[in-house]
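So the protein lines, in turn, are chains H and V. All the letters of the first sequence, read from the start, carry residue numbers 49 to 366 under this note's numbering. All the letters of the second sequence, read from the start, carry residue numbers 151 to 444 under this note's numbering.
Quick caveat, the hints were computed from the structure, so don't treat them as lab data. Among the clues, some could well be false.
What the hints assert, rightly or not - No farther apart than 25 Å at their CA atoms in a straight line, the calculated lysine to any residue pairs in the SDA-like style are these:
#: 1; chain 1: V; residue 1: 318; chain 2: V; residue 2: 259
#: 2; chain 1: V; residue 1: 332; chain 2: V; residue 2: 261
#: 3; chain 1: H; residue 1: 176; chain 2: V; residue 2: 152
#: 4; chain 1: H; residue 1: 262; chain 2: V; residue 2: 430
#: 5; chain 1: H; residue 1: 176; chain 2: V; residue 2: 151
#: 6; chain 1: H; residue 1: 176; chain 2: V; residue 2: 425
#: 7; chain 1: H; residue 1: 176; chain 2: V; residue 2: 426
#: 8; chain 1: H; residue 1: 176; chain 2: V; residue 2: 153
#: 9; chain 1: H; residue 1: 262; chain 2: V; residue 2: 428
#: 10; chain 1: H; residue 1: 176; chain 2: V; residue 2: 429
#: 11; chain 1: H; residue 1: 281; chain 2: H; residue 2: 158
#: 12; chain 1: H; residue 1: 176; chain 2: V; residue 2: 424
#: 13; chain 1: H; residue 1: 176; chain 2: V; residue 2: 428
#: 14; chain 1: V; residue 1: 318; chain 2: V; residue 2: 335
#: 15; chain 1: H; residue 1: 262; chain 2: V; residue 2: 429
#: 16; chain 1: H; residue 1: 176; chain 2: V; residue 2: 430
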Amino acid sequence: MSLRRFILNRILAIIPILFGVSLITFGLVHLTPGDPVSQMFALNPDVGPNEEAQIRAEYGLDGSITDQYITWITNVMTGDFGQVISTNRDVGSIIVARLPATIALGVFGWAFGLAIAIPAGIYAAVHKNELGDDVSRFLALSGISIPNFWLGLILILVGSLWLGLWPVLAPSRLPLYHPSMLWYLILPGLTIGTGAAAGIMRVMRTSMGEEMNKEYVTAARAKGLPERQVVLKHVLRNSLISVVTLAATLTAGIVSGSVVVEVVFNWPGLGRELINAINGREVNMIMAITLFTGVFIILANLLADILYAVLDPRIRYD
Amino acid sequence: MLGVAVVLLMSLAAIFARPIVVAGIPIQPFGLAPHDPGTILYLGADPSAGIYDPPSTDYPMGTDNSGRDLFSRVVYGGRYSISIGFIVIAINGTIGAVYGAVSGYYGGWVDEIMMRIVDTIFAFPFLILALIIVAVLGSSYWNLVLAFTLFGWAGYGRLVRGEVLSIKENEYVLAAKALGAKDRTVIFKHIIPNAMPPLLVLATLGIGTTVIGVAALGFLGLGLGPGTAEWGTMLDATRETLIQGPEGQIPWWATVFPGGAIFLFVMAMNLIGDGVNDALDAQETGIGSQGGGA
Chain H
49 MSLRRFILNR ILAIIPILFG VSLITFGLVH LTPGDPVSQM FALNPDVGPN EEAQIRAEYG
109 LDGSITDQYI TWITNVMTGD FGQVISTNRD VGSIIVARLP ATIALGVFGW AFGLAIAIPA
169 GIYAAVHKNE LGDDVSRFLA LSGISIPNFW LGLILILVGS LWLGLWPVLA PSRLPLYHPS
229 MLWYLILPGL TIGTGAAAGI MRVMRTSMGE EMNKEYVTAA RAKGLPERQV VLKHVLRNSL
289 ISVVTLAATL TAGIVSGSVV VEVVFNWPGL GRELINAING REVNMIMAIT LFTGVFIILA
349 NLLADILYAV LDPRIRYD
Chain V
151 MLGVAVVLLM SLAAIFARPI VVAGIPIQPF GLAPHDPGTI LYLGADPSAG IYDPPSTDYP
211 MGTDNSGRDL FSRVVYGGRY SISIGFIVIA INGTIGAVYG AVSGYYGGWV DEIMMRIVDT
271 IFAFPFLILA LIIVAVLGSS YWNLVLAFTL FGWAGYGRLV RGEVLSIKEN EYVLAAKALG
331 AKDRTVIFKH IIPNAMPPLL VLATLGIGTT VIGVAALGFL GLGLGPGTAE WGTMLDATRE
391 TLIQGPEGQI PWWATVFPGG AIFLFVMAMN LIGDGVNDAL DAQETGIGSQ GGGA
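Looking at chain V on its own, in the form it has when it is part of the complex:
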């Protein structure tokens, strides 16, 4: 429950951080964040603000390497990571469910070939694949989505296939087939819905992994453009000055807060995943054991 609260809070905060205007029409008029994430404070709003100002009552998380309000940027930054996380998992879950269902349902050589493809994808750590895809295609929002979906569905495919192998022996599936239902109907109406619970657990954990992955690419300088208020990119921007900030001070806030936001969100997502897992008692699926980090 705590997890759900944190995820909701952070997602809503990101959505309502700044007004959203599409084609001149304000869709979302609220602005929770006090400043635009791109505003350089000393150029207008507040000439007394400098770069790397420590946290104060005016700027609760301090200012960053370009003199922008860090609090606004951290709140706003959720827009990128969180939305990419949800989009990626929706795509991966859908492809994986269909792929796994087809593979498990037909069996035989179809299954053999389809699973060898999955095995091949599993030979690469997903971060390295994503890194190269972004490096080759260039970095943009949708290229990041592509980087995590081009191969990301494989895990879901394998999970669903395992589920399908046991589901297809159930009497209601045999009955549906005996009644002359088409393969497609059986797969979409009877098999996939019953494979959903473990898929849901994996998807919840997958959102966290994707958020870390997006941030990791940003941190490695391969995410969205420099200066973007994305959590990983923000960490990258301050990496050099962590060691030696201006005037010898250490601007710890510029590292602690954006990274803390990633950690908090992923932790909340994993708490939800664990909760769903316990509720479904799907422990025997063995998911939730993938290592941390990206």
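Looking at chain H on its own, in the form it has when it is part of the complex:
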């Protein structure tokens, strides 16, 4: 299969998944009988049935559930995610405004993960079963076991309250691209990146170990290449391919991690917006962020698949 056909196949395959994602998003929010309007006004005696019907019509909630889905999905396709009911603001524009903060957090998390995991993976492969290997194994296990919201609280406790290096809350007035924001990004970034670092470390450790036993390593050594070059040029490169397969899972982990971490650090991103929307029962916002998350992860998966096929052409023939 040519690379082009492979990519085309993968793109076609995600179409039914995108449809399914929209169904789940819509279905989840409509799990319970009654719509957001009746939930909103159930405890409010001032709102009469006429006003309720009027509001329902205004938000397109007066049709059958299938009609509502069709209305919603058609609007979404044209880029209209509806309004936030309580403030009448456009959901789409809020998402656009919040997205950069979450992306910055995610990129920092990823970068931190790679920066820790790659050297640790190399070390583990070269010094297999030595003390340092055990230590890094233990650290990786701790990293995937530690609840990220607790890690965040502990970092605030130590970094902000005891050492006083960071203010407890990042200044909200500064724009994201301001250089000093990088400093405020460190604590939430570390929190979100720890899980990723631990995940990559564990995979790197296994794959480096496997690669080290392959024949090309023996061949490279036999022709007199220095060990350093064998590890860094040959083994590392092949081991990194296995990290690519992990990329989509890790990205999903970072996305859900961002919800918690943004709440802990009061970081103005999409995750905190989702929690606000849930607390305020803002159905349009909940659906928009959920759908956005689903589509984002599907695209991340697609990208990882393609990258994998480019790096390891054998996969295209599966």
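Given the coordinates of chain H, work out where chain V should sit on it, guided by the hints.
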């Protein structure tokens, strides 16, 4: 082994934390925790105890934001997270095993459709799905279980399906079919039992993930009701005062101990998972690599 010891210890401590009485009959009479998790100490037991008392010999983990004994609450708190973890994994493992076995065994378009459904579920981080389910249905013990099982089986389904694809080519399966065994018999008697080992590893790790997930929902204010002695909910209750406690002190103990309990339990569970994985040498299944946190 260390992992098994910690998990057993914490589970038993939670069970025996306070007596369990069902319909007036005491089923479990022991009370390891010195106080009821809901008791506000200064209202009765100990008028000298305040809110956010630091750890002392009387209250080894201090008292919390309402003047309750934190040690009792941490020990007792395992009841929620740990039991939800085990129930959720039992349900997910069962559904996943049957789903994956059917999908892998029949193959063809059945497999195609069933796996597209799994792919769709995988497009969402499980915490976000659980968040929305709890937000929509309201939070209660069984809604939390539902939140983690409604879609949580998908990972197990995918794993079992992969196993089944290789198992069904084995001669004993072909022999059973040749002898006229029904599909159902082949699936339940020959295929699922042989797909168990990797499923077991994933389930062990899954308990840890679920415990973190339950605590995360509690922390976000969507778990059990406020004031419940559940680890995540306890962290949420003290979040505001972490920064500025009463009289300017920082009540670090109210954050460190409940979170430490989650960490310890999940770490122990992951140690067990790793141990089982090594013992079965199931590394090629690629499980155990999911990222941390919730």
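Problem set entry | Numbers of the earlier hints that this structure fails to satisfy, in rising order | none
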